[in-house]
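Undergrad: Residues per chain, in single letters:
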Amino acid sequence: MAKVVFEHVYKKFPNGVIAVNDFNLEIKDKEFVVLVGPSGCGKTTSLRCVAGLEEASSGNIYIGDNIVNDVAPKDRDIAMVFQNYALYPHMDVYNNMAFGLKLRKFPKVEIERRVKEAAKILGIENLLDRRPKALSGGQRQRVALGRAIVREPKVFLMDEPLSNLDAKLRVQMRAELQKLHNRLKTTIIYVTHDQIEAMTMGDRIVVMKDGVVQQVGRPLDIYDNPNNVFVAGFIGTPPMNFMEGVLKQENNRLYVDLETIKIYVPAGKFKTANMYVDKEVIFGIRPENISELEDTPDAKQEDIVLANVDVSELIGSETYLWVSNGPHSFTARVDAHTKAEDGSEHQLVFNPEKIHLFDKETEKAIP
Amino acid sequence: MELPRWRPGKLTQIMLHFILLAYSIIVLYPIGIMLLSSVKGTREIFTNPYGWPASLRLDNYSKAWKLANFSVYFQNSAFVSVMTILVLLFVSSMAAYVLARFEFRGNRALYMLFISGLMLPVRLAVVPLFTMIRDINLLDTRTALLMVYVASGIPFSIFLLVNFFKSIPKEIEEAAIIDGCGLFSIYYRIMLPLIGPALATVGIYNFIGTWNDFFFPLIFLRTKSKYTIPLGVMQFFGEFTNQWDMLFSSLTIAIVPVIIIFMVASKQFIRGMTAGAVKG
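Sequences listed follow chains A and B, in order. Using my numbering, you'd call the opening residue of the first sequence number 1 and step up by one each time. Using my numbering, you'd call the opening residue of the second sequence number 1 and step up by one each time.
It should be emphasised that the hints constitute simulated quantities derived from the structure, not laboratory data. Warning: the hint list may mix true and false statements.
Below 25 Å or equal to it, Euclidean Cα-Cα: the simulated DSS-like pairs (lysine-lysine) are [claimed, not checked]:
| id | chain 1 | residue 1 | chain 2 | residue 2 |
| --- | --- | --- | --- | --- |
| 1 | B | K166 | A | K133 |
| 2 | A | K248 | A | K364 |
| 3 | A | K74 | B | K166 |
| 4 | B | K170 | A | K102 |
| 5 | A | K12 | B | K170 |
My request is simple: use the sequences and hints to build the entire structure.
TA: As structure tokens, this is what we get:
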């Protein structure tokens, strides 16, 4: 049980690549924090710095109240779960899980108690005498988790632990990991490139790109109020729609001029919007905030946009409409029973309360 | 991904079996002759070289073992071969682990230096080797043999082991680091068991070479009590007569350890030989 703190952590590789650039974060005790971002964004490197498999070029990392920069990995009291499981092929499941405890000279009875208990939690009691080769992907994943659990570490580090599982198993393990976290109440740092994993599992999410933290926050906060265009586009599927336009003022009302579309900005939604009048902005709206007119009978006339339906994709629970209007293409998430047909014109309503505006130059959200 | 299995046609199969059969005969025939001759008398070997022995003279073996001092040669050979394998595996697996896993200046050059030994037949260096061994006062010792064998086995061993070590996922080592392994225990408890097939390959390959070597014992050894088997059997070639029966029964005894070792390690050996051919 411990907090983990990154204090101005940099990681520069010998080939000059800066993998982690001024990383600052305080992870609270028992918190489940997810580092998420595209590949090469520095999330795994950050995790490896905590593990001690990588040395931070500068800055401090704390586990609990101690700076661990110069502490050997084995003395950091952490356990790590790897993407490819990294089980020891020549040991059976029991010994895979017991190995760390044996090296730490735990009494035999205690080792057995812990391994059995972890195996019970993970439902792998009947596999203890098998070699990893004889296990399925999901079972291997459980053993890898078990190996971490028996150590009862201060911090769990998980590096894309679900990426090698098939889609169905991944969803199942996602829920199980959360249950596990509720049960063990240990700090978990979890790395993934999958924003859905991040959204569903994290108490807090850290979105990273090119070694720089883009935003830290609770999942819904990040979803509702993304800091910049990258975060807005990265979190959420299908991603947020972006259109470039100019912010204009008319009769004391602000609107985004998208040439073929006019979007009125609700008064007071963006405090600094007045500073951007006649400047180029990026307008963003999530697919679920675009609805069909049929479903939004009390929509204002000015919020209605006429668009051409290019393709409609039925997912089952809902339908994605890939539509276009002039130079703009965007996606709307509508009811599965929509009457929209491919190639037809369709009336859509943009929910003005849910729009986002970004500075075109800095790509930062306009507050 | 599983590739479709190659299924040869009928004619190809017959051809394949014919070739394999022919090869087996070529290999097994001399061994058979040796076995037969080992239970005949010298005279019978000449009068009836290919036929079944008139009477089984099994005491040939005990005679060779005791009277011809063969047990001493056997012990010498066993000592030199086993020690060679142990030292060789220990030294080259440690070197290979470092070369495969640690980045440092000159790593590549060092690896190349080791590998370049593959290009030089060690027997070419017999004169400098002899003077070297003489200068360090190791002439007529089994240690001299041991040293030369280990050194000459290193290039191939390192070549094979480095590639094996490289094929082991790095994460397994990292997991071991986090589990609390130090460098040596990673090498000893994790990596060595994982390259078992390669160790078996290196072991068998060098064991056969060492066990059968005639050249270096001939160069380095003087005292009879230090002779290895190949040198020892030379005494059956006398000035006037050759003791063919003793020779063949000695040779038969001599191949037993090799066959046993091969049988024990063949599964690993084959895995070592074919590793990398298919991933999985």
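Undergrad: Does A:K102 lie within 25 Å of B:K170 when you go C-alpha to C-alpha?
TA: Roughly 22 Å separates the two Cα atoms, so the pair holds.
Undergrad: Checking one constraint from the list: CA of B:K166 to CA of A:K133, max 25 Å. Satisfied?
TA: 20 Å, holds
Undergrad: Measure nothing beyond the straight line between the CA atoms of A:K12 and B:K170; if it is 25 Å or shorter, mark the hint as holding.
TA: 21 Å, holds
Undergrad: For the pair supplied as a hint, A:K248 and A:K364, confirm whether the alpha-carbon distance does not exceed 25 Å.
TA: 19 Å, holds
Undergrad: Just to be careful, I want the Cα atoms of A:K74 and B:K166 compared with a cutoff of 25 Å; is the pair within it?
TA: Roughly 24 Å separates the two Cα atoms, so the pair holds.
When the structure is compared with the earlier hints, no violation turns up for any of them.
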